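With the hints as extra help, turn the sequences into a complete structure.
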Amino acid sequence: MTDRKGVSRRRVLQGAGVAAVAGLAGCGGGSGDSGANSIELLHAWSDGDGNAAIEALIGGFQEAHPDVEFAEEPVNGAARSNLDQVVQNRLQSSNPPSTFQTWPGQTLNKFGDAYDDIEGDVWNDDLKNNYLEGPQAQAQLDGTYVTVPLNIHRINNLFYNRNVLDSAGVDPSSMSSPGDVVSACEQVAQNTDAVPFAQQTSGTWSTTQLWETILLSTGGIDGYEAFINGNGNRSDVKAALDSVVALSEHYPSDASSIGLTEANTMVMDGEAAFIHQGDWAAGAYSNADGFNYGEQWGQVTYPGTSGSYLLNMDSFPFLANNPSPEATKTFLSYCGTAEAQVLFNAEKGSIPPRSDADVSQLNQFQQDQYEDFNNADSQPPSVEHGLAVSPGIKTNISSAFSGFLENYDADATADALLNAFN
Amino acid sequence: MSFGTSTDEETETGTGYPLRRVVLYITLVAMGAFYLIPIETGVMTSLTSPGSYTGQFPYLPPLEPLLSGTGEFSLQPWQTAVDLLGQGLVNSVILVVPATILSGLLGSMAAYGLTTVSWRGQIAIYITFVAGIFIPYQAVLVPLTQFWYNVVPLRTAFQPVAYWVPFIQNYHWKLVALIVTHTAYGLPICTLLFRAHYKKLSDEMIEAARLDGASIYRIYRRIILPLSVPMFAVVFIYQFTQIWNDLLFALTIVQFGDASVVTQELVGLGVSQSGTNFPLRMAGALVAALPTLLVYVLFGEKFAKGVAA
Amino acid sequence: MHNPLTILRRRLRGRDARTDGGATEDGESFLSRESVRSAPFWLPPALLIGVFVYGAIGWNVLLSLTDFTGLGTPDYGSLDFENYVVAFQGGTPSWSELTVDPIWNSLQNTVVLVVGFAAVCLVLGLLLAILVDQEIRFENTFRTIYLLPMSLSFVVTAKFWLYMYNPQTGLINIALGAFGFGPVEIVQNPDLKLAAIAFALVWQFSGYAMVVYLAGLRAIPDSHFEAARVDGASTVKMYWRVIIPQLRTATVSALVVLTVFALKAFDFLFSMYGYQPGPSADILATRMVREAYSNGNWAYGSAIAVVLFLMALAIVSPYIYSQYKRGAL
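For the protein sequence lines, the chains are A, B and C, in the order given.
Using the numbering used here, the first residue of the first sequence is number 1, and each one after it goes up by one.
Using the numbering used here, the first residue of the second sequence is number 1001, and each one after it goes up by one.
Using the numbering used here, the first residue of the third sequence is number 2001, and each one after it goes up by one.
Read the hints as simulated data drawn from the structure, not as lab findings.
The structure displayed is predicted, hence computed values, not measured ones.
Errors might be hidden in some of the hints.
[Stated by the list, open to error] Keeping only pairs whose Cα atoms sit at most 27 angstroms apart, straight-line, the calculated DSS-like set for lysine-lysine is:
# : chain 1 : residue 1 : chain 2 : residue 2
1 : B       : K1302     : B       : K1199
2 : C       : K2264     : B       : K1200
3 : C       : K2325     : B       : K1199
This is the structure:
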């Protein structure tokens, strides 16, 4: 915002600058000073833990590199769809920002040739040696390194309320397959008044991520990878859908009218036993009083998927025709350092992608997740969160699930899912 | 209290009021409740403290600890909402007032030129106006972005204005673009409403004025404009509501930043990945809706009368 | 001697003001034609509409003939109707690797929604208007209450209706329960979804229909009511035979505005379901936005938008034409 209490000299400079700027072709939104050293970063973390995280990251960067100016702009909007629209407009008018918040992996196909290669400048040996195979593959588009992943959320979790499970007589560590989860739900339903599985179905995303988690079990890592490459095995796909159908018997009766928050609150209040979600849900647990990790709530890897860390990431890519190439590369390199990632993830509730980060500042749950991550055999990308399949295919998959939510027909949906790649 | 004319068979109830009237009033009140309940639910939710909000019994007031599950009473969501939405409200007012006045005036002028002054071919022009009412807004978002960001150098042309005129900032160019867009898209319906009104005006009066030698402009200013006041009320109220509540054009043209209007800010209010703050969202929604609600409460009668005139 | 300037002036200004203000005839000069003299009134709005509304539509139509998928600039050199063929038949267009579904499902849902919503809204508005017309006290209060929902934005009403349709605590199900019907799933129920959306929209806009009909009713002279009563007609018959036929103008006027509101159903659906309302509630507008913004198939999205526009016109044109024929347009 223009500082109206500024010194008069600034006004004179502004006046001179206006004439100069008026001569330039219109720039997109952002600060009027479009010096080559000013980074323009667009993101959608306008509230909550995401906002705290990006502020921490930028604060750390400014300390380390005080000479680089920042013009970070939050794009207000639900999810990142508005952000994508803005970036699209900027790209079409050949006025790209320096970088923006996006999912890596197949999502990068959306703006295919808008990115530039940062191997060597940013992806030096230090980064290459310290990123595990999965995230490192996600940072590439068709083999070229274009983006720097910043955080990792796990998808294949199963959170539970300890007290409810104790009342039901269920031991969460004894479950080893999706079928065990269904049996546990039945036990909870029989022995307590709580809702066994707090799922919400007003949007398709929770169901899609639940299904892909179970697919990781029914098909194994090979079956999962076959699916995302378009060669899915129908029986694996259908078995995962059948499991979701079985679980749906144990959803809250108003599942279609509630969102993630209400479902999560049910678990926190002891009215539900299990919830399957990404580990951002644990952020709400940390904020709740008297609801502590290991005491009132716990997490297991979704039964049947041990050894895999199904993940979702955010990243900052490097755009071609960059208005501030050097500064942006400096920033991206900074994001690739362990210190920066710890700063960011401490607020965000996720874990750093680098395997050499010092996670002592993160909370206990994050540290346990980090350990799991580094010991995982495979780090498959999530379908629901855009990493695994291109946007067109992802929309087809979401459409298949929107039909699934209406009729719970596993056969028809299995066909629709396999057809999503055609 | 007599309840007006009673016609055919009356069935007296015990209280002396005819059964028909009782049933009539019961129906009216029931319908009133039907229209008010969702709003009431929002109000109750917005007065709950976010920490104690459970989502059960949304239509009951937050009477914890008297009624468990209803949450604790708190004004905090409203305070937070007003803080966070302040800038958006200002921007919305800057947007709505000129756009409403402009589209109303221009609509009245267009209707006059196409109705009261009659000439051949005007009906064709009028039909193109009417067809413009049915444009789906989603279809024109991309052309609009291209127009305001790539074709028209409004941003650069506006900077001298922002520099020399006090209180006007650089980012206000986006609001100017939005005002022009909303005026253009509101014109078809305004013209339609005014034309319906003007057709009912007596021709003799206009004839007499013409015979007296009054120019077209004079007739408009002296005769038509004063007679249009009821219709202006309707048009203003309608346009005020539509423009205030519009989200799509705001997202497309303003996109983000200091020029965001209140509907844009509502979208992300209280939403983060770890959860949604419903009391805050409801309080925000009600704060954003207050101006339009007030307009309807204060001017609803004029609206209804204007539609009748 | 005739001053050349006077001749010129007379040519330009023409004769004296004509009293009938009619169309130009031979000998009428350009500047004195009514269309030109009134141009300052209708021309600026027409220009605004021409540029912003029709310019945008024109660009849309042009785009729908290209292969544009969001990357780079559209190739206006090769235009074809491929997108429209795919829209109605499905298939794999040349610009995509994946097959694209035709739009019949969305088209059907849109027609059902618009027609159903408009019809129920008009009926409910009429009934309310008849009730309010009965010389009641607190008429202003009731009228204002019925109008209030129209002032709310969809971001607000979507959340309200998620509450209302909640199978456990929602008022709709509580009301059903009072009559003995079990809790009914509404929000993700393929049979009820579209009706539920139409119901929510009717709630929001029937107040407008009521106001229009109330005005129309009040415009009918009391003598009509009296005459019908004297003839011994029952109330229902009186309304049906005598009053309602006279409300045609009001109906058309309300219908036009209601169609506009029906087109805005997109905002409501998007607030409730995001990009994926499900096959039973997918309308052309949500399909268009999904194709353009989620998939990046901009040209295809434009084609769908053109279809939507034409469909809206098609629904309203018969009524507008009939009004035109009666000279009441």
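Here is how each hint holds up against the structure:
no., hint, in the structure
1, B:K1302 <-> B:K1199, "20 angstroms, holds"
2, C:K2264 <-> B:K1200, "30 angstroms, violated"
3, C:K2325 <-> B:K1199, "15 angstroms, holds"
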